[in-house]
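S.K.: What follows is each chain in one-letter form.
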Amino acid sequence: QVTLRESGPALVKPTQTLTLTCTFSGFSLSTNGMCVSWIRQSPGKALEWLAVIDWDNDKYYSTSLKTRLTISKDTSKDQVVLKMANMDPLDTATYYCARVIWNGIYVDHWGQGTLVTVSS
Amino acid sequence: QSVLTQPPSASETPGQRVVISCSGSRSNIGSNFVSWYRQLPGTAPTLLIYKNSQWPSGVSGRFSGSKSGTSASLAISGLQSEDEADYYCATWDDSLNGPVFGGGTKLTVL
Numbered sequence: 001q002v003t004l005r006e007s008g009p010a011l012v013k014p015t016q017t018l019t020l021t022c023t024f025s026g027f028s029l030s031t032n033g034m035c036v037s038w039i040r041q042s043p044g045k046a047l048e049w050l051a052v053i054d055w056d057n058d059k060y061y062s063t064s065l066k067t068r069l070t071i072s073k074d075t076s077k078d079q080v081v082l083k084m085a086n087m088d089p090l091d092t093a094t095y096y097c098a099r100v101i102w103n104g105i106y107v108d109h110w111g112q113g114t115l116v117t118v119s120s
Numbered sequence: 001q002s003v004l005t006q007p008p009s010a011s012e013t014p015g016q017r018v019v020i021s022c023s024g025s026r027s028n029i030g031s032n033f034v035s036w037y038r039q040l041p042g043t044a045p046t047l048l049i050y051k052n053s054q055w056p057s058g059v060s061g062r063f064s065g066s067k068s069g070t071s072a073s074l075a076i077s078g079l080q081s082e083d084e085a086d087y088y089c090a091t092w093d094d095s096l097n098g099p100v101f102g103g104g105t106k107l108t109v110l
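Those protein sequence lines, which keep their order, are chains A and B.
First residue of the first sequence? That's 1 in the numbering used here, and the numbers climb one at a time after it.
First residue of the second sequence? That's 1 in the numbering used here, and the numbers climb one at a time after it.
Hints in this document: simulated from the structure, not taken from any laboratory.
Check each hint, because a few of them may be wrong.
Below 20 Å or equal to it, Euclidean Cα-Cα: the simulated DMTMM-like pairs (lysine to aspartate or glutamate) are [stated by the list, open to error]:
#1 A/Lys-83 <-> A/Asp-58
#2 A/Lys-66 <-> B/Asp-94
#3 A/Lys-45 <-> B/Glu-84
#4 A/Lys-59 <-> B/Glu-82
#5 A/Lys-66 <-> A/Asp-78
#6 A/Lys-77 <-> A/Asp-56
#7 A/Lys-83 <-> A/Glu-48
#8 B/Lys-51 <-> A/Asp-54
#9 A/Lys-66 <-> B/Asp-93
#10 B/Lys-106 <-> A/Glu-48
Covered by chain A, according to a simulated footprint, are these stretches of chain B (three or more residues, beta-carbon under 8 Å) [stated by the list, open to error]:
#11 34-47
#12 84-92
#13 96-105
Ideal placement from N, C-alpha and C gives every residue a C-beta, glycine not left out.
Let the sequences and hints guide you as you build the complete structure.
M.R.: Here you go:
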């Protein structure tokens with residue numbers, strides 16, 4: 001059974017760096033074709049893909065947020081970490097961790113999401 | 001502004017069929033597989049269709065996907081009240097070198 005769970009602060013201040021951790025089970029990120037992604041959704045807005053890391057440690061970032069994002073994995077811990085620098089109130093959103101299948105590039109399992117509010 | 005264009009809303013009566021479109025370009029839909037997701041209020045999205053027209057296990061056959069050129073569509077037949085949700089298309093964009101979502105379509109079952 002595949003599960004993903006996001007963890008991190010619920011509240012961050014403007015200009016701070018957000019660090020979110022995705023802890024997953026039921027699959028290995030070292031398996032060919034497996035990827036983990038971070039996706040966010042601002043209140044009342046559409047889904048927005050942030051970053052993807054694949055089994056080979058290749059990384060893909062949103063073009064508009066590339067300079068602020070860093071995604072990494074710890075295969076031994078079954079974790080993926082997302083860092084987003086210079087947080088702004090506009091970054092207030094629910095952040096989802098998700099498993100992506102590379103063959104077809106689709107999300108087949110989602111975490112429940114974690115709401116991050118950016119406010120001073 | 002999303003790279004993939006979906007109508008912001010759609011509506012239909014119970015039992016009827018509705019089609020939601022997703023328009024892109026050669027660098028995304030034209031070159032890659034499309035997937036579709038449903039998001040019920042207050043919950044995480046779930047996968048409805050992958051690789052343009054494939055069903056994950058557990059998804060009703062009332063949902064079907066298709067792709068033609070640079071556009072894709074999701075059809076929902078036999079509409080039920082519980083189909084009221086937001087629907088998103090997604091694909092890879094070769095120019096952006098990353099995945100992209102559509103802007104989402106809010107479906108209302110009248």
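S.K.: It remains to establish, for every hint, whether it holds in the given structure.
M.R.: Right, here's what the structure says about each hint:
About 16 Å separates the Cα atoms of A/Lys-83 and A/Asp-58, which keeps this hinted pair within 20 Å; it holds. Restraint check for A/Lys-66 and B/Asp-94: satisfied, since their Cα atoms lie roughly 16 Å apart, inside the 20 Å limit. As the CA atoms of A/Lys-45 and B/Glu-84 are separated by approximately 17 Å, the hinted pair is consistent with the 20 Å bound. At most 20 Å may separate the alpha-carbon atoms for a hinted pair to count; A/Lys-59 and B/Glu-82 exceed this at roughly 37 Å.
Between A/Lys-66 and A/Asp-78 the alpha-carbon distance is near 24 Å, which puts this suggested pair outside the 20 Å criterion. A hinted pair counts as satisfied when its Cα atoms are at most 20 Å apart, and A/Lys-77 with A/Asp-56 qualifies at roughly 16 Å. A threshold of 20 Å between alpha carbons decides the hint, and for A/Lys-83 with A/Glu-48 the separation of about 16 Å falls inside it, so the pair holds. Under the criterion of a C-alpha separation no larger than 20 Å, the hint pairing B/Lys-51 with A/Asp-54 is consistent with the structure, at around 19 Å.
Distance restraint check for A/Lys-66 and B/Asp-93: the Cα-Cα separation of roughly 15 Å lies within the 20 Å cut-off, and the hinted pair is therefore satisfied. Between B/Lys-106 and A/Glu-48 the CA atoms are separated by roughly 16 Å; this keeps the pair inside 20 Å, and the hint holds. Proximity of the region 34-47 of chain B to chain A, defined as three or more residues with a beta carbon under 8 Å from a beta carbon of that chain, is established by the 7 residues found. Residues of the region 84-92 of chain B lying with their CB closer than 8 Å to a CB of chain A number 4, which satisfies the three-residue condition for coverage.
Only residues whose C-beta sits within less than 8 Å of a C-beta in chain A count toward coverage, and the region 96-105 of chain B has 9 of them, enough to reach three; the restraint holds.
Violation of the numbered hints given earlier is confined to hints 4, 5; the remaining hints are satisfied by the structure.
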